[in-house]
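A.B. asks: The hints should help you fit chain U onto chain X, whose structure is shown.
Chains as they are written, first to last, in this note's numbering: chain X, 1 to 255; chain U, 1 to 339.
Calculated from the structure, these hints are not laboratory results. Incorrect hints may have been included.
[What the hints assert, rightly or not] DSS-like mimics (lysine-lysine), calculated; alpha carbons at most 30 Å apart, straight line: (1) X:202 <-> X:140; (2) X:150 <-> U:254; (3) U:224 <-> X:71; (4) X:247 <-> X:148; (5) X:71 <-> U:126; (6) U:300 <-> X:150; (7) X:202 <-> X:71; (8) X:213 <-> X:247; (9) U:126 <-> X:150; (10) X:169 <-> U:224; (11) X:169 <-> X:202; (12) U:333 <-> X:140; (13) X:148 <-> X:71; (14) X:213 <-> X:140; (15) X:247 <-> X:150; (16) X:169 <-> X:213; (17) X:202 <-> X:213; (18) X:148 <-> U:224; (19) X:247 <-> X:140; (20) U:254 <-> U:163; (21) X:148 <-> U:333; (22) X:71 <-> X:213; (23) X:148 <-> X:169.
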Amino acid sequence: MTVLKITELTQYFSGLCALSDFNIQLEEGELVGLIGPNGAGKTTVFNLVSGFYQPTEGLISFLGQPITGLKPHQVTARGIARTFQNIRLWNEMTVLDNIMLAQHSALGYGIRDLFFRTGRYQQREHEIRDLAMELLDIFKLREVAEEKPKNLSYGLQRKVEIARALSSKPQLLLLDEPAAGLPSRDVVELIDLIRWIHREFKIAIWMIEHQMKVVMSLCSRITVIDFGVVIAEGTPEEIQHHPDVIKAYLGDDQL
Amino acid sequence: MTKQKLSVPFALLALLMTVMVLAQYEVIDLYIQTIILFIGINIIISSSLNLVNGHMGEFSCGHAGFIAVGAYVSSVLSVALFTQDRVFGAPLLPPQYAFIGFPLVLLAGGIAAAFAGLLVALPSFKTRGDYLAIITIAANYIIITLVINIDKIGGARGFMGMKRVIFAMEDVAEIPWMILWVFLFTVLSIIAIRRFVSSTYGKGIIAIQQDEVAAEIMSVNTNKMKLIAFMLSSGLAGIAGGLYAHVIGYVNPKSFDILKSTEALVMVYLGGMGSITGSILSAVLFTLLLELLRPLQIIKWVAIPLLLIILMQFRPEGIMGNRELSDIFPRLKKFYRFK
Numbered sequence: 001m002t003v004l005k006i007t008e009l010t011q012y013f014s015g016l017c018a019l020s021d022f023n024i025q026l027e028e029g030e031l032v033g034l035i036g037p038n039g040a041g042k043t044t045v046f047n048l049v050s051g052f053y054q055p056t057e058g059l060i061s062f063l064g065q066p067i068t069g070l071k072p073h074q075v076t077a078r079g080i081a082r083t084f085q086n087i088r089l090w091n092e093m094t095v096l097d098n099i100m101l102a103q104h105s106a107l108g109y110g111i112r113d114l115f116f117r118t119g120r121y122q123q124r125e126h127e128i129r130d131l132a133m134e135l136l137d138i139f140k141l142r143e144v145a146e147e148k149p150k151n152l153s154y155g156l157q158r159k160v161e162i163a164r165a166l167s168s169k170p171q172l173l174l175l176d177e178p179a180a181g182l183p184s185r186d187v188v189e190l191i192d193l194i195r196w197i198h199r200e201f202k203i204a205i206w207m208i209e210h211q212m213k214v215v216m217s218l219c220s221r222i223t224v225i226d227f228g229v230v231i232a233e234g235t236p237e238e239i240q241h242h243p244d245v246i247k248a249y250l251g252d253d254q255l
Numbered sequence: 001m002t003k004q005k006l007s008v009p010f011a012l013l014a015l016l017m018t019v020m021v022l023a024q025y026e027v028i029d030l031y032i033q034t035i036i037l038f039i040g041i042n043i044i045i046s047s048s049l050n051l052v053n054g055h056m057g058e059f060s061c062g063h064a065g066f067i068a069v070g071a072y073v074s075s076v077l078s079v080a081l082f083t084q085d086r087v088f089g090a091p092l093l094p095p096q097y098a099f100i101g102f103p104l105v106l107l108a109g110g111i112a113a114a115f116a117g118l119l120v121a122l123p124s125f126k127t128r129g130d131y132l133a134i135i136t137i138a139a140n141y142i143i144i145t146l147v148i149n150i151d152k153i154g155g156a157r158g159f160m161g162m163k164r165v166i167f168a169m170e171d172v173a174e175i176p177w178m179i180l181w182v183f184l185f186t187v188l189s190i191i192a193i194r195r196f197v198s199s200t201y202g203k204g205i206i207a208i209q210q211d212e213v214a215a216e217i218m219s220v221n222t223n224k225m226k227l228i229a230f231m232l233s234s235g236l237a238g239i240a241g242g243l244y245a246h247v248i249g250y251v252n253p254k255s256f257d258i259l260k261s262t263e264a265l266v267m268v269y270l271g272g273m274g275s276i277t278g279s280i281l282s283a284v285l286f287t288l289l290l291e292l293l294r295p296l297q298i299i300k301w302v303a304i305p306l307l308l309i310i311l312m313q314f315r316p317e318g319i320m321g322n323r324e325l326s327d328i329f330p331r332l333k334k335f336y337r338f339k
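Chain X with its partners taken away, still in its complex shape (with noise of 0.2 Å):
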């Protein structure tokens, strides 16, 4: 079952073409990535799949419905969840309250229920808080489950980060350059983390990410953009050998 198709998806920034004529399909449960040198677009295509653009041209859709025009929480609600380049977390929240938090589209309860304290209100905050206790164990963060994110290290606000869009339980993780930053100890920590994310949650992934040895490790399946324009598809190895790839990537060496 096809979970995310994108056909001829345009963007443009008043006359600036950040990306043109972009087509990918994702398949259930599938680890794909998207690479790309710096300014290619990766990130203007996670923003219009989150619903934060809306596109010039094109068409998004997700497990069969045509999601192009909704709201980035309304794509959130749908079942897509994203983590950012540069880590977005509410940091003056504590972690449990931003996993909880990410929640919101299906709170399963109104303002009605919140005034009067009611049986449903009660009861399904008590689940929201089981689920976000949970992915706490998952990801051994319970112990900072009442810290403030800003305090933590790097690495755990990155794990946090993806324990929190996994919060919403998505059917889709879109995953934005998720070891950015991080020394090469946490990097294979992060490889196996995001394996095993994968495998138990089941759960397809579309990772951005500049370093290759996670995406050569992940991913099934890449694509590489440059300035907008798709210019290889394909497994790790005809990728690594592709040779408009090492072009974007080490310039021509036939100066």
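C.D. replies: Below, chain U without anything else, positioned relative to chain X:
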């Protein structure tokens, strides 16, 4: 568990009974009673503005506009319903029902103010920060100018007759009614705000304050949450306005201008952004300070802004910061959990 559940309501009830008995037997005079009433009203004003400026991190400077809407709507309703008035004629309902009708009239004023809150909620979808501040000041002026231009409710002269509603209540039972109502609505307002911001639902506005983009992308419907927070905040301000009008017995559009909005802002920043106990504490301090500085007359408006400047220099986060009293004195949690 029982200790935690009952000690606070019991303490509040004891406080209410003490004040009411003291007022009933005139141990405390009318002047002190009025100050106590103002403290209650200011608690509602500061904690409701804190919801928007503190918890949600928007910058609303037109709170007095919503206080005015609540004051006028509830005053006109209560005067028209329960008293013989020159403009509105004979009472529409028997005056002896005033004591039942009064809280409903206050709620009606709050609902009207909540809808006036849309005036600032809708533009807040597109802008925030300085621009929203200007829009809220504009909203304040729109409301005051509207009131001045409606001659039926007194225009610039003001509107009176609310004392007769109090007399109608006192005809039923000779007790200090306003102390009861102010106390009741203050407690209910604080409970409402506390329940809102301590739920996962309401924490959506705290997420907006800390990172609006992340909030929207991580499943918070930011527009809806802003709408709810602005309406709750202005609705409670409206209730405070209704109480204020009935305590004074007279309302004038001038008392709801930008100076009143500034008072509300001072209380929020004095107490600490996003701290409910801070808002309560600062409302108490600020009301007492205003009364102590009354002999200075207009010069007090030199002293109070000066206080704000000094505060911003030495303790920019306010008295409480964004903590609650129970964070500073964890033992209090034994009696009551504030978060």
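A.B. asks: Now tell me if each hint is right for this structure.
C.D. replies: Cross-check of the supplied hints:
no.: 1; hint: X:202 <-> X:140; result: 20 Å, holds
no.: 2; hint: X:150 <-> U:254; result: 46 Å, violated
no.: 3; hint: U:224 <-> X:71; result: 12 Å, holds
no.: 4; hint: X:247 <-> X:148; result: 44 Å, violated
no.: 5; hint: X:71 <-> U:126; result: 14 Å, holds
no.: 6; hint: U:300 <-> X:150; result: 41 Å, violated
no.: 7; hint: X:202 <-> X:71; result: 26 Å, holds
no.: 8; hint: X:213 <-> X:247; result: 19 Å, holds
no.: 9; hint: U:126 <-> X:150; result: 28 Å, holds
no.: 10; hint: X:169 <-> U:224; result: 22 Å, holds
no.: 11; hint: X:169 <-> X:202; result: 11 Å, holds
no.: 12; hint: U:333 <-> X:140; result: 28 Å, holds
no.: 13; hint: X:148 <-> X:71; result: 28 Å, holds
no.: 14; hint: X:213 <-> X:140; result: 25 Å, holds
no.: 15; hint: X:247 <-> X:150; result: 40 Å, violated
no.: 16; hint: X:169 <-> X:213; result: 28 Å, holds
no.: 17; hint: X:202 <-> X:213; result: 23 Å, holds
no.: 18; hint: X:148 <-> U:224; result: 26 Å, holds
no.: 19; hint: X:247 <-> X:140; result: 42 Å, violated
no.: 20; hint: U:254 <-> U:163; result: 20 Å, holds
no.: 21; hint: X:148 <-> U:333; result: 20 Å, holds
no.: 22; hint: X:71 <-> X:213; result: 34 Å, violated
no.: 23; hint: X:148 <-> X:169; result: 23 Å, holds
Checked against the numbered hints listed earlier, the structure breaks hints 2, 4, 6, 15, 19 and 22; every other hint is satisfied.
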